[in-house]
Amino acid sequence: MNEQLAFTIEVFANGLMAGVLYALVALGFVLIYKASGIFNYAQGVMALFAAMTLVGIQNGQVPFAHLINAIFGTEVHHFGWSVHSFAAILLTVVVMIALAWAVQQFVFKHLVGQEPIILFMATIGLAYFLEGVADLMWGSELKALNVCASEGNCLPQGMNVWLEGTTYEALGYGFFIDNLDIVASIVAAILVIGLVIFAQYTKQGRAMRAVADDHQAALSVGVSLNFIWVLVWSLAGFVALVAGIMWGAKSGVQFSLSLIALKALPVLMLGGFTSIPGAIVGGLIIGVGEKLFEFLIGAPYLGGATENWFAYMLALLFLVFRPQGLFGEKIIERV
Amino acid sequence: MKYKLGTLAVAGLMAAGPVMADLVFPSLSYRTGPYAAGGIPFADGYADYFTLLNERDGGIGGEMIQVPECETAYNTEKGVECYESLKGGGGLVYQPLSTGITYQLIPKVTADDIPMLTSGLGRTSAKNGKVFSHVFNFPANYWDGASVAIKHILDEEGGDLSGKKIALVYHNSAYGKEPIRTLTELSKKHGFEFKEVPVDHPGQEQKSQWLQIRRDKPDYVIMYGWGVMNQVAVQEAVNIRFPMDKFIGIWWSGSENDVLAAGAGADGYKALTFHNVGSDYPLYDDLKEHVFDAGKSAGAGDQAGTVIYNRGIYAAMLVAEAARTAQEIHGVSDITPSQMRDGMEALEITEEKMANLGLPNFGPEFKVSCENHGGNGFAAMTQWDAEAKEWKLISDFVQSDQDIVQPLIDEDSAAYASENNIEDNCG
Chain W
741 MNEQLAFTIE VFANGLMAGV LYALVALGFV LIYKASGIFN YAQGVMALFA
791 AMTLVGIQNG QVPFAHLINA IFGTEVHHFG WSVHSFAAIL LTVVVMIALA
841 WAVQQFVFKH LVGQEPIILF MATIGLAYFL EGVADLMWGS ELKALNVCAS
891 EGNCLPQGMN VWLEGTTYEA LGYGFFIDNL DIVASIVAAI LVIGLVIFAQ
941 YTKQGRAMRA VADDHQAALS VGVSLNFIWV LVWSLAGFVA LVAGIMWGAK
991 SGVQFSLSLI ALKALPVLML GGFTSIPGAI VGGLIIGVGE KLFEFLIGAP
1041 YLGGATENWF AYMLALLFLV FRPQGLFGEK IIERV
Chain B
281 MKYKLGTLAV AGLMAAGPVM ADLVFPSLSY RTGPYAAGGI PFADGYADYF
331 TLLNERDGGI GGEMIQVPEC ETAYNTEKGV ECYESLKGGG GLVYQPLSTG
381 ITYQLIPKVT ADDIPMLTSG LGRTSAKNGK VFSHVFNFPA NYWDGASVAI
431 KHILDEEGGD LSGKKIALVY HNSAYGKEPI RTLTELSKKH GFEFKEVPVD
481 HPGQEQKSQW LQIRRDKPDY VIMYGWGVMN QVAVQEAVNI RFPMDKFIGI
531 WWSGSENDVL AAGAGADGYK ALTFHNVGSD YPLYDDLKEH VFDAGKSAGA
581 GDQAGTVIYN RGIYAAMLVA EAARTAQEIH GVSDITPSQM RDGMEALEIT
631 EEKMANLGLP NFGPEFKVSC ENHGGNGFAA MTQWDAEAKE WKLISDFVQS
681 DQDIVQPLID EDSAAYASEN NIEDNCG
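Chains W and B are the protein sequences, given in the same order. In short: position in the first sequence from 1, add 740, done, that's our numbering. In short: position in the second sequence from 1, add 280, done, that's our numbering.
The following block holds chain W by itself, in its conformation from the complex (with noise of 0.2 Å):
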């Protein structure tokens, strides 16, 4: 095989997998501005605290340690026990929920009908609130996340050695696929269809459709619109969760985990705000479009390091031409 083409086709592969890993990150944002029309600028700082609770759990640490110490005068840092990984999981869940319900009952049922700048600005208070308080409960050190399901079998990492080993004796080229990124691709693909059904086929799913389409209509017909919201956001806390154990896992999990949200913006003016399909086809086109553009002209005539301004060039173009996203809903207002 030409070299060149090989490596061509490597990194469009790698593309489409960093794809599904910024898609994970906007489907967060997609959740929530479909159901409530806010842009919410804390996703990425809730997948920092998601994977911080995460570790925190996971290794059995106090939360507020520092806090406490400084008060009582006490040294208590761990409680002595480990969680199960799937234990720390389900109750990471359990937290995100009770931010979810915190988040409704303490800011945004307060702000309903202001204008959606309003909205806006209270999740960016929120996010640095929130950054305090992830702070404060787990300590800002970087943290390994380790997410197993049972001893030495845990998330895996490194190149899948099998698919070098294939490709290599089929087509004379090893190719490079991070494992971290198939299990990722695989457990978006598992989290868009359990969204996509449960969307579909439940109650609550179904009123969450009815909110977004008109919140007036939804009320009439007996939603409760506090409780589509809190489910909405405990939606966007898992997800926020996933993507945080996702990209935990790459770099450990530290402060700047809140900076992926960045990579989710171009994917999002893409793909379209309310699209659950549209981001992770935004996600698949930013990443591959990044890394293919950074593979072929980037990195050998522009000096490189053109990914985050290129993604953000690409979206714009397709902004200028199809102003809702590609997924998105048009736009229409009569007078």
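Incorrect hints may have been included.
A few chain B residues that don't get close to chain W, going by computed Cβ distances all over 12 Å [to be verified]:
(1) M344
(2) E357
(3) K367
(4) E436
(5) K475
(6) K568
(7) D582
(8) Q583
(9) V612
(10) Q686
(11) A694
(12) Y696
(13) D704
Distance condition first, Cα-Cα at most 25 Å in a straight line; then the derived DMTMM-like pairs of lysine to aspartate or glutamate [claimed, not checked]:
(14) B:K431 to B:D676
(15) B:K576 to W:E815
(16) B:K647 to B:D665
(17) B:K576 to W:D875
(18) B:K475 to B:E436
(19) B:K497 to W:E743
(20) B:K672 to W:E904
(21) B:K497 to W:D954
(22) B:K526 to W:E904
(23) W:K849 to W:D954
(24) B:K576 to W:E881
(25) B:K526 to B:E631
(26) B:K444 to B:D393
(27) B:K497 to W:E904
Note that these hints are calculated values from the structure, not bench results. Each residue gets a CB set at the ideal place from its N, CA and C atoms; glycine is no exception.
Go by the hints and put chain B onto chain W.
Below, chain B alone, put in the same frame as chain W:
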């Protein structure tokens, strides 16, 4: 009413500001934000060393020490705000731990007659004291690091690098770009092929870069990274099965944080350093007695012995010794920032002095002068032992190639002097 408000304001200032007779060493720390994992241990080490001096020795030369901390979150604007807000409190020397903040503070500290120490970071050509009167970057700078890395590779390759490929994976910022010129010159001198691989901030996604490295198959990779970029790069290197003993990080890419997440795969990864690693020093016995066990540790008290905690201790030790030198020069204990600058310019660090301080073999010997604010450019190599989960010093402190580094420093500082109409400070 006015009187009451005035009284309240004065009382507030007295409560907030340090006691004026104390020696003030402000700490521009970052315990929050994306680079907190590196900022916390440095700030803890810096504070703990001064706490030790207060508790054990009653300060420096009979003067107690204050370490007011200001959170920069590694943000340049916040860093400048911190400097402005703290300088009224009599800060003797600033250590920003950020190249971006350093660049902004260079003209300010010079105008305010306050010294700044940027060990292993900042503007490399600040080594030239004839141009940068108030900036110091001893004992080593970025260009020394690049040169010592190449020296190490030369040793590994039997002194011949012709035909070899060396890639630089760097944070695409002023900091990360610092070694490019040096490595370009070194590639001409030693005949190796040099390739640049930039990574955009924050470096959470580096697949493209490491696929390039997998394709190009460089013999060695040098990394100038910081924060999450380091952890991701080490993991990606493990993923593509790049030989870790041929992967060398600068000292900002060589802490426990950078390798722990990659687990056993990171074994053998190397990083430069300008101070020793571990906690097997007499100083740590004193820290245990007077700081740790006394419940006076900074932060959560869980960073002792880590690489960047040691760097914080080293940074504090250097300025404490400079303050002591300033007290001797001027014959006063309550020194001013201007006198502190004189102390820094006359600082001499010897092995005997470090041993007396409880830090034998902890760092290179060097002597600062009016012309040379950067020491002698010595750095050493460390290597990560994944099983023991510790960094080990695997070389002596080696001097950088001054034939390459010094002309670059002269050239860059001359350009700065010309742009800013600076006369020779030492003339």
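Hint-by-hint comparison with the structure:
1. Listed as outside the interface, B:M344 is consistent with that label: its C-beta sits roughly 23 Å from the nearest C-beta of chain W, beyond the 12 Å cut-off.
2. At the 12 Å boundary, the C-beta of B:E357 stays outside the reach of chain W, the nearest C-beta of that chain being 16 Å off.
3. For B:K367, the requirement that its beta carbon stay farther than 12 Å from each beta carbon of chain W is met, with the minimum near 27 Å.
4. At roughly 25 Å, the least C-beta separation between B:E436 and chain W is larger than 12 Å, which holds for a residue marked as non-interface.
5. A cut-off of 12 Å between C-beta atoms contradicts the statement that B:K475 is not in contact with chain W; the least separation is 10 Å.
6. Here B:K568 stays apart from chain W, with its beta-carbon at least about 15 Å from theirs, past the 12 Å limit.
7. A beta-carbon of chain W comes within 12 Å of the beta-carbon of B:D582; the shortest separation is about 8 Å.
8. Not every C-beta of chain W lies more than 12 Å from that of B:Q583, the closest at about 8 Å, which undercuts listing it as non-interface.
9. Look at B:V612: its CB is around 37 Å from the nearest CB on chain W, clear of 12 Å, so calling it non-interface holds up.
10. Its beta-carbon lying about 28 Å from the closest one in chain W, B:Q686 satisfies the requirement of being farther than 12 Å from that chain.
11. Consistency note on B:A694: stated as away from chain W, and its beta-carbon is indeed over 12 Å from all of that chain's, at 26 Å minimum.
12. Taking the minimum C-beta to C-beta distance to chain W, about 24 Å, the non-interface status of B:Y696 holds against the 12 Å cut.
13. The non-interface label for B:D704 is consistent with chain W: the shortest C-beta to C-beta separation is roughly 36 Å, beyond 12 Å.
14. Between B:K431 and B:D676, the direct Cα distance comes to roughly 12 Å. Compliance with the 25 Å bound is thereby established for this hinted pair.
15. Simply put, B:K576 and W:E815 have alpha-carbon atoms about 12 Å apart, close enough for the 25 Å limit, and the pair holds.
16. For the proposed pair B:K647 and B:D665, the alpha carbon gap of about 33 Å is over 25 Å, so the pair is violated.
17. Between B:K576 and W:D875 the CA atoms are separated by roughly 21 Å; this keeps the pair inside 25 Å, and the hint holds.
18. The suggested pairing of B:K475 with B:E436 holds, with an alpha-carbon distance near 20 Å, which does not exceed 25 Å.
19. Taking the CA atoms of B:K497 and W:E743, the gap is near 14 Å; set against the 25 Å cutoff, the hint holds.
20. Our distance criterion of 25 Å between C-alpha atoms is broken by B:K672 and W:E904, whose separation comes to about 34 Å.
21. Restraint check for B:K497 and W:D954: not satisfied, since their Cα atoms lie roughly 57 Å apart, outside the 25 Å limit.
22. Pair hint B:K526 plus W:E904 holds up; C-alpha atoms about 23 Å apart against a cutoff of 25 Å.
23. Only pairs whose Cα atoms come within 25 Å are accepted, and W:K849 paired with W:D954 is accepted, the gap being roughly 18 Å.
24. Our distance criterion of 25 Å between C-alpha atoms is met by B:K576 and W:E881, whose separation comes to about 19 Å.
25. Taken as a hint, the B:K526 and B:E631 pair is broken in the structure, with Cα atoms around 31 Å apart against an allowance of 25 Å.
26. About 47 Å separates the Cα atoms of B:K444 and B:D393, which puts this hinted pair outside 25 Å; it is violated.
27. For a cut-off of 25 Å, the pair hint linking B:K497 to W:E904 stands: about 17 Å separates their Cα positions.
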